[in-house]
Structure formats: C-alpha cells, structure tokens
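Here's the letter readout for the chains.
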Amino acid sequence: MKRPLQPADLDDAPCGFIIISDDGRIDAINNTLTQILGYDKKEDLVGQTVGAIFTIASRIFYQTHFYPLVNLHGKAHEIFLTLKKKNGDHYPAICNAVRKEENNIAVTHCILLSAEQRGKYEKEIIEARRKAEQAIKENSELVQAKKDLEDSSLTLDGRLNRLAQINDNMVQFGHFISHEIQEPIRKIAVRSDNLIQKNKDQLPPYTLDALRRINAESTQLRAFAVNLERYISLNLDKEKSTGIDLDAVIRQARHNAESPDNPGALILETTPLPSIDGYAFQMETLFTCLFQALLDHRPDSQPLLLTIEGQLEQTNSFRYLPGKYHYVSTLRIIINDRGALAIRARELTELINSKTDITTIARHIGIASCKAIINNHSGSFTASTNPTGATSFVLQFPLRQHPGTL
Amino acid sequence: MSNILARHNVRVSGEGTQPMLFAHGFGCDQQMWRRITPAFEKDFKVIVFDYVGSGKSDLSAYNPEKYSHLQGYADDLLDICRAMGLHDVIFVGHSVSSMVGVLAANKAPGLFSRLILIGPSARYINDDGYIGGFARKDIEDLLETMDKNYIGWANFLGPAIMKNADRPELGQELTESFCSTDPIIARQFAEVTFFSDNRGDLEKVRVPSLILQCSDDLIAPLAVGEYLHEHIPQSTLQVMTATGHCPHVSAPDETIDLIQQYFVNSPVIA
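If you're matching them up, the sequences are chains A and B in order. Note that our numbering gives residue 315 to position 315 of the first sequence, counting from 1, and the numbers run on in steps of one. Note that our numbering gives residue 102 to position 102 of the second sequence, counting from 1, and the numbers run on in steps of one.
Worth double-checking, as some hints may not be accurate.
Okay, derived cross-link-like pairs now, BS3-like style, lysine-lysine, Cα gap no bigger than 30 Å in a straight line [stated by the list, open to error]: (1) A:Lys84 with B:Lys137; (2) A:Lys123 with A:Lys75; (3) A:Lys131 with B:Lys137; (4) B:Lys137 with A:Lys137; (5) A:Lys100 with B:Lys56; (6) A:Lys120 with A:Lys84; (7) A:Lys85 with A:Lys120; (8) A:Lys146 with B:Lys66; (9) A:Lys137 with B:Lys66; (10) B:Lys56 with A:Lys137; (11) B:Lys137 with A:Lys86; (12) B:Lys66 with A:Lys131; (13) A:Lys131 with B:Lys204; (14) B:Lys137 with A:Lys120; (15) A:Lys120 with A:Lys75; (16) A:Lys75 with B:Lys56; (17) A:Lys123 with A:Lys86; (18) A:Lys100 with A:Lys85; (19) A:Lys85 with B:Lys137; (20) B:Lys137 with B:Lys66; (21) B:Lys137 with A:Lys123; (22) A:Lys146 with A:Lys131; (23) A:Lys42 with A:Lys86; (24) A:Lys137 with A:Lys41; (25) A:Lys42 with A:Lys84; (26) A:Lys123 with A:Lys85; (27) A:Lys137 with A:Lys123; (28) A:Lys137 with A:Lys147; (29) A:Lys147 with B:Lys66.
Quick caveat, the hints were computed from the structure, so don't treat them as lab data. Every value quoted in this text rests on a predicted model; they were computed, and no experiment measured them.
For reference, chain A alone in the conformation it holds in the complex (with noise of 0.2 Å):
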C-alpha cells in the first residue's frame, strides 16, 4: 500500500540517526540509536556533546578527520567509529553522513549501522594487511641489504685490485733490488780477499786487519742479500703444485745449504716421505733454511748428522673456531740431532714461532722465510729437547691443501 513516508519511519527505522551540530552536540537522535545505546530516553542525549556516545579514539577520528571531511566535502561515506553505549559497552558502527543546512545553520546528519560481524572481518584483513607490509617492508629490506652488499664488493674488489698492483710492484722492486745487490757484494768479497793473499807481508796491520773486516762484513752481506732475495721471491712463487716429492725437495735443500767450500758438512739420514700439496719453490727454500740456520748454529765445524722421518696422522683443520671439526690427513716430518743442536733448540723455535715484525726478518730473514712458507701451507713448527740431549724438530702440514688456501 503506498503512503508518504513519516517521521516515525526514521525515529524506527532499522538504523540509527543521529544530528550533529556544528559545536559538537547532538540536536536529535531517533528511537533505533537511543535504545542501541541503553538510555530510556532521548532527552538524556539530546543537547550532550558527541563525546557522550564516542569513544575517545572515535572522537579524535571525529574531530582530525571526519569533521573536517564533511564539513569541506560535504558528506561521508562508510566511516568507522566506536560509540559507546550507557553501561560503557563498545558499539562499533559505520557511520554515512551529510552536512546540511537549516535556517542557515549548519549540521551534520549521520546514519549509524552496526559493525560488530563486519569488524571481526575487518580485523582479520588488518591483521594479514599488516604481516603483508611487514613482509614487503623485509623483503625489500633484504633487496637494499644486497645492493649494498653488491656495491661494497664492487668497491672492495677494486681496492683489491690495487692493493694486488701494489704488492706486485713492491715485490718487483724487492727482487730487483736484493738481485742486483749481491754481484757488487761478491766482487767487495773478491777483491778484498784477493788483495789480502797478495799482500799480506807488505800491508802494514792495520790496514791487514781492516780488509779482512771489509771481507768478512762484505761476506755476510752477501749472505744476506741472497735471503732477502729468498724470502721476497716466496711472493712470486704463484704455481701451486699437487704431489710434491719431498725426497727430490730435501736433497736439493741439502745441497743449497752446504757451502761450495764446506762439501759434506750435513748428513741426512732419511726414510721416503709421501708427497704433499703445495709450493715446490717454497718447500726447497723452507728446508734450505731450515738447514742453514742448524748448520749456523753447530757448535763446531763438525759435519752435522740429521735423521729425517714422516708420520702421517689424523689432525682436526679448524684451528681457531672451537667445536668444528674436519679431520685431514697431515704429515709430521721429524727431524733429529744427536745433540749437538741441543742449546739452540728453544730459540729456534721462540724465532720462528715469534710474531713477525720487520727487525725480525733484518736480522733473521732465512728464519722469517720459514715462518712465510709453514704459514702458506697452513703448517705448524714445533722443537724439543729430549733427555738424552738430542732435539727434535717437527713439521707439521696437512698432505692435501683445502682450494682456498693456497
């Protein structure tokens, strides 16, 4: 049956009403919004402010933010708010509004419906909204965090790359140098030495002396340079071999280190040891070494006796994380006297065991070349004194090398 719509219809409508004046207050409320809310009646809310049925949230959100948007914009739509009912429950409620115009004053009128199911929803998709952009936020965290990774390499790869040109030079300019350096030193040696045997009844003493300090001094200096030559050229040494030949290596070393004068000043006594990974260069300069510094040390010029043996044994690679282990195979080369060396032993070990500084390698270059190679090879370098007098020295280097550390 068709009839004009009257004011009971909104007082009774299935929603609330509700009118806003522009102060804040509320000039009318129907039926619908006033039970909602718990009151008996309308007058209890007529004339209060909005504060009475907002919630304090809500009426932060009325006043930033819906206020301003209907009064500029004219009206609303779907704008959550929370009223509060009398005995303090929450009702939450969308909200549409319009602003209006009635004898030239303004005022805001709002329809209010329910929300309760509609929120439950919602605060799931605010939920999932939210690990969504926590999500992206990390992700494109993680994106930043490898663009930066990707222009640090960049960078650290070309101070590398110096750094490598640098060291390159420097080593050039070494080899250069302690090369070209001991020709001159063996000429002042032959020289002098030869001015000495001539004339030696003519020479008034002291000149007799000071040549034979010349000679001696000129003599070690040479020594000296071909160390430094030595030690600099364990940077040139690039090739890496798989197998070397120990045996092959020691013999040579043997016969480095005995001067051309002093033939069969050491004796080896050695059992065949398995070969290992490495630099062939620098093995052979490592037991040259080694033997230079043990014939240094004799007490007497002696022929010195070395028995030379290899264990092979199971030792843990990790040397500084604790709790990792990864077991290699590692040979131990055990080198003994038969007591001669007994004194020298611990200082030989103190050398190459000390922390390497530049005065070290001055005065100790065949050791400091030592130390280079043990720690090239991810080797250790161990001495003792037993007993009976005799020392033995230990090498120690894993029988295969890890890619990355050569």
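Based on these hints, arrange chain B on the given structure of chain A.
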C-alpha cells in the same frame, strides 16, 4: 628549489611581501586553510603546502626513519623557507604543526617573526601530574580506528567533487582530492603526533607567539593551552568561543579576527 616546492605541493598567493606560512595539521592537507588564507592575501605573501605523505605531496620522498620524529617535519619546513629565501616568516600551524613550527623556530629563530599556534599541544598523553587529555590506551584505540577507516579509504583518497558553497565566485564544482593521505604514512604520522613530547622545547622559543585555544577542544584541552602559555616565553593566549579542534574550519571569521587583532597589538610588518 623546484624539487622541494614540488615535494610539498607549495602554493603561493597574495599581494604582500612578508610571508605567512600555513602548516596543516594531522588528518588533512593544505585545503584546511581555504577559509582563512583569502583574508591575508591583500597584505601578505600567503604560502600553503602539504607535508610529505599528505595531499599532493611527493609520496616517494617519504622516509620512515626521518618522519619518525617531528623534527623530520620541522626540517622540511626549514627546507621550504630556505628554498624560497623566506625571512620574517609568520608561521601559522594547526594542531601538531604548532610543535613542528616550534621545533623549526628553535632551530632557526632568525627566519621567523611570529608563531600563530592553533590548538597546540606539547604532549597528548597524561604524565605524572601533567594533563594532556589522553591515556595511552586511547591513542592505541585511535590507531585501530584509523586502520579500520583505511579499509574503505576512498573517503580519504582519490578525486572527489568539492562544493565551493563558501566561495561562490568559483562557481562550478571543483574536482580535487580531498585531504588525500597515504594510509600507512597517516598511521605513522598519528603515532609520531600522539606519542610526541615537546614540553622541553617550549622554554627555548625566542619568537613571539599567539596561542589560539578553542573552548571544549577534546584534542587540546584548556589546561594544555594554559600550560603552553605558561612555558612559552613571549606568548599570548586567546581562548576562542569556537569549539572543537578545527576553528579555522568551523569558525574562520573568529580565527581571522584574532590573528589580525594580534598583528595590531604586536605589529609584525617588518
């Protein structure tokens, strides 16, 4: 310069030379000022702008770390002043912008000649004898309300038809985005605003200021206005008959009158 002006959608109008810089508050953008600015265009150079994340600002300039502190917004304010070569600036800030203006003026006092603070608060949450008006829980509920409203954020984004009933000379309807705000940014702005505490910055203010305090303002109650007046040196407090938190929207005439009256009592023309 053009970068910064575009970043903040800076608009300039007026026939004067002394700048009046209007900074909108939380929840809206420069359109908040459209009932106020025409009154000052004859005598001043009127400048309005949007904070990054609001209105037609450049959203890509948003940096969550920078804007996790009101100082980030204050630094933007100074960027605008410097990019435009402004000095003797009369700053007009609404709500949270009042403190943004205070921070900017404390950092560069030489740039400003007056601060007009509309509905300011230095601290919204009650704290050990201090009445800010809110408990922490209220603010957490507000953030939830904002979340829920941005599910249907069509209200706050995109073009909308705006009636210009109060400016009939514009005639037809304007198509504009109303108070468009990125919801994620708006939420962070709400957190930064309502959890801020600028009480320690008040004593440092060296620029004369006018505090416009509404009657019955939920967000900045009278006690807060009185606290500010007590702690900001050279401040003038005016309690308005206007209610609510947005007198520049609800009572533009009273707002304009009080600002002009302040200019008479405390001359600003350099």
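Verification of the hints:
A hinted pair counts as satisfied when its Cα atoms are at most 30 Å apart, and A:Lys84 with B:Lys137 qualifies at roughly 15 Å. Proximity of A:Lys123 to A:Lys75 is assessed by CA-CA distance (about 26 Å); at most 30 Å being required, the pair is judged to hold. For the given pair, A:Lys131 sits about 22 Å from B:Lys137 by alpha-carbon distance, which is consistent with the 30 Å threshold. Only pairs whose Cα atoms come within 30 Å are accepted, and B:Lys137 paired with A:Lys137 is accepted, the gap being roughly 27 Å.
This hinted pair checks out: A:Lys100 and B:Lys56 have alpha carbons roughly 28 Å apart, not beyond 30 Å. Of the pairs offered as hints, the one joining A:Lys120 and A:Lys84 holds, with about 18 Å between alpha carbons and a cut-off of 30 Å not exceeded. Between A:Lys85 and A:Lys120, the direct Cα distance comes to roughly 19 Å. Compliance with the 30 Å bound is thereby established for this hinted pair. Our distance criterion of 30 Å between C-alpha atoms is met by A:Lys146 and B:Lys66, whose separation comes to about 22 Å.
Simply put, A:Lys137 and B:Lys66 have alpha-carbon atoms about 16 Å apart, close enough for the 30 Å limit, and the pair holds. Under the criterion of a C-alpha separation no larger than 30 Å, the hint pairing B:Lys56 with A:Lys137 is consistent with the structure, at around 24 Å. Of the supplied pair hints, the one linking B:Lys137 and A:Lys86 holds, its CA atoms being roughly 20 Å apart against a limit of 30 Å. A distance of roughly 23 Å separates the Cα atoms of B:Lys66 and A:Lys131; the hinted pair therefore holds under the 30 Å criterion.
Between A:Lys131 and B:Lys204 the alpha-carbon distance is near 42 Å, which puts this suggested pair outside the 30 Å criterion. In summary, the hint linking B:Lys137 to A:Lys120 is supported, as the alpha carbons are separated by about 20 Å, within the 30 Å threshold. Distance check on the hinted pair: A:Lys120 and A:Lys75 sit about 26 Å apart at the alpha-carbon level, within 30 Å; holds. Pair hint A:Lys75 plus B:Lys56 holds up; C-alpha atoms about 21 Å apart against a cutoff of 30 Å.
Of the pairs offered as hints, the one joining A:Lys123 and A:Lys86 holds, with about 25 Å between alpha carbons and a cut-off of 30 Å not exceeded. As the CA atoms of A:Lys100 and A:Lys85 are separated by approximately 27 Å, the hinted pair is consistent with the 30 Å bound. Taking the CA atoms of A:Lys85 and B:Lys137, the gap is about 18 Å. The hint holds against a cut of 30 Å. The straight-line distance between the Cα atoms of B:Lys137 and B:Lys66 is roughly 26 Å, inside the 30 Å bound, and the hint therefore holds.
Among the hinted pairs, B:Lys137 with A:Lys123 is consistent with the structure: their alpha-carbon atoms are about 18 Å apart, no more than 30 Å. A hinted pair counts as satisfied when its Cα atoms are at most 30 Å apart, and A:Lys146 with A:Lys131 qualifies at roughly 22 Å. Simply put, A:Lys42 and A:Lys86 have alpha-carbon atoms about 12 Å apart, close enough for the 30 Å limit, and the pair holds. With a CA separation close to 51 Å, the supplied pair A:Lys137 and A:Lys41 exceeds the 30 Å bound.
For the hint pairing A:Lys42 with A:Lys84, the CA-to-CA distance comes to about 15 Å; that is within 30 Å, so the pair holds. Our distance criterion of 30 Å between C-alpha atoms is met by A:Lys123 and A:Lys85, whose separation comes to about 21 Å. Of the supplied pair hints, the one linking A:Lys137 and A:Lys123 holds, its CA atoms being roughly 21 Å apart against a limit of 30 Å. For the proposed pair A:Lys137 and A:Lys147, the alpha carbon gap of about 15 Å is at most 30 Å, so the pair holds.
Restraint check for A:Lys147 and B:Lys66: the C-alpha separation of about 21 Å stays at or below 30 Å, so the hint holds.
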